[in-house]
Amino acid sequence: MDLKEIKDLIELLNETALTEIEVEESGRRIRVRKDAPVTAEQIAPLLSGPAQEAPVQAKEEGEGQNFTFITSPIVGTFYKAASPDANPYVAIDDRVKKGQTLCIVEAMKLMNEIEADVDGKVVAILVEDGASVEYGEALYKIDPA
Amino acid sequence: MTLDLEKIESHRLSHPRLREMIREVLFFDRIDSTNRVALEMASDGMPGGLLILSDSQRKGKGRLDRHWFSPAGANLYFSLLLRPYLPTRDFPLFSMVASLALCDSIQEATGLSVEIKWPNDILIEEKKLAGILLESKTAGGETTPLVIGIGVNVNVGPDGFPPDLEQSATSLKAVLGHPVDRTDLLNVILESLAAQVSLLQEGKKDLLIQRIQKECTTLGKRVHVDTLRQEFEGVAEEIEDDGALVIRMGDGRRRRILIGDITHLREHAEHR
Chain G
1 MDLKEIKDLI ELLNETALTE IEVEESGRRI RVRKDAPVTA EQIAPLLSGP
51 AQEAPVQAKE EGEGQNFTFI TSPIVGTFYK AASPDANPYV AIDDRVKKGQ
101 TLCIVEAMKL MNEIEADVDG KVVAILVEDG ASVEYGEALY KIDPA
Chain F
1001 MTLDLEKIES HRLSHPRLRE MIREVLFFDR IDSTNRVALE MASDGMPGGL
1051 LILSDSQRKG KGRLDRHWFS PAGANLYFSL LLRPYLPTRD FPLFSMVASL
1101 ALCDSIQEAT GLSVEIKWPN DILIEEKKLA GILLESKTAG GETTPLVIGI
1151 GVNVNVGPDG FPPDLEQSAT SLKAVLGHPV DRTDLLNVIL ESLAAQVSLL
1201 QEGKKDLLIQ RIQKECTTLG KRVHVDTLRQ EFEGVAEEIE DDGALVIRMG
1251 DGRRRRILIG DITHLREHAE HR
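Note that the protein sequences, when read in sequence, are chains G and F. Number 113 in this note's numbering belongs to position 113 of the first sequence; there are no gaps in the numbering. Whatever position you read off the second sequence (first residue = 1), add 1000 for this note's numbering.
If you're looking for bench data, these hints aren't it; they were derived computationally from the structure. Here a beta-carbon is modelled for each residue, glycine too, at the ideal position from N, C-alpha and C. Wrong hints could be hidden among the right ones.
[Claimed, not checked] With beta-carbon atoms standing in for the labels, derived distance ranges:
1. F:ARG1266 to G:ALA91: 40 to 50 Å
2. G:ASP94 to F:PHE1027: 38 to 48 Å
3. F:GLN1201 to G:ASN87: 32 to 42 Å
4. G:PRO84 to F:ASP1090: 55 to 65 Å
5. F:SER1113 to G:PRO84: 33 to 43 Å
6. G:GLY130 to F:LEU1112: 31 to 41 Å
With the rest of the complex left out, here is chain G (with noise of 0.2 Å):
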């Protein structure tokens, strides 16, 4: 399931008046409720699955709202700060400016540094300081407005 089909459901959902909808395929299950309109809080989790072929940016668009997420290119471990002392690089609510350094995400020794690719206020960030990312998964919840 890629990230058109989610926003096709979604999409589906809002347009009738049905509350929730699952789906199952191969062994991954999405649910998409709506007990007020779908937000893209609901649609982060579902973004961090191993995907495919995940682009480093992803966007969706909920009600009124068009958040920008920005994904993992590597499989490795997510850190918010360059060092273990070091102050995160940013933390919600903070504005961000476009190539701004986010986060490193580190494996075999290549610290990749992410950037963000919009202007934007940090909304949510969705992984653990020292966590496993896959390829794909989300990192970061950007407004870009």
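Chain G is already provided as a structure; the job is to place chain F on it using the hints.
Using the frame of chain G, we list chain F on its own:
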């Protein structure tokens, strides 16, 4: 012995593969970090094929902002900026590329048998001879630059290391008992690096992994692993296709790791 820049340049020009990998060499007497300069130049749009070489570094970089001991006139410190035609997810394999290149070239230049400790430390008699730190940047879907930073302890005397490194580091001079020509060594390393880089760029990942499985002396050893979050011990059993190390734990479980400080423990697996 100073670095002979003309010799480095003529060597580069007379080797097609080297000429292809390195288009420009920038030399500094003193710099904060060759990796930092290479990354900065990459951010300024510098194309791949740049070699930054320095006689000393004020803030030589190790993993997670650790310091790399970088005195003047003794060792090699250089960073190679590449823009590989490979997906970013394969970039960690350049760790293997660089460690094999160092292993081959140091053996060729000195006859010494060196070991590769996963993922990319170069050891002699369990002491660190050379270190590799790779850095890359991802912004949107754009091609990421890759910087391969290498430090080799060449001519620091046995008493030349600071106290915190005395037990864990070594140099070619300390092992051989005589100094080594840094220029000749650098030329051999670069040649070997060019050979390994082109192997990966040509898509021969399998060959690379086969070689690392053969050369990496971490395999078969009992190891201590420190990932900052966790510490554990086990036996290093396998290197997978993506370079990950598989550790068999005491309870029989297998753990796959992609990061961490590995210590080879004296006690070998086969003696258990």
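Hint check:
Evaluation of the 40 to 50 Å hint for ARG1266 (chain F) and ALA91 (chain G) yields a pass: the beta carbon distance comes to about 44 Å. Taking the beta carbon of each, ASP94 (chain G) and PHE1027 (chain F) are about 39 Å apart, inside 38 to 48 Å as hinted. Taking the beta carbon of each, GLN1201 (chain F) and ASN87 (chain G) are about 37 Å apart, inside 32 to 42 Å as hinted. Take PRO84 (chain G) and ASP1090 (chain F): their Cβ atoms lie about 28 Å apart, and the range 55 to 65 Å is violated.
At roughly 35 Å, the beta-carbon separation of SER1113 (chain F) and PRO84 (chain G) lies within the given 33 to 43 Å, and the hint holds. A hinted range of 31 to 41 Å for the beta carbons of GLY130 (chain G) and LEU1112 (chain F) is consistent with their spacing of about 37 Å.
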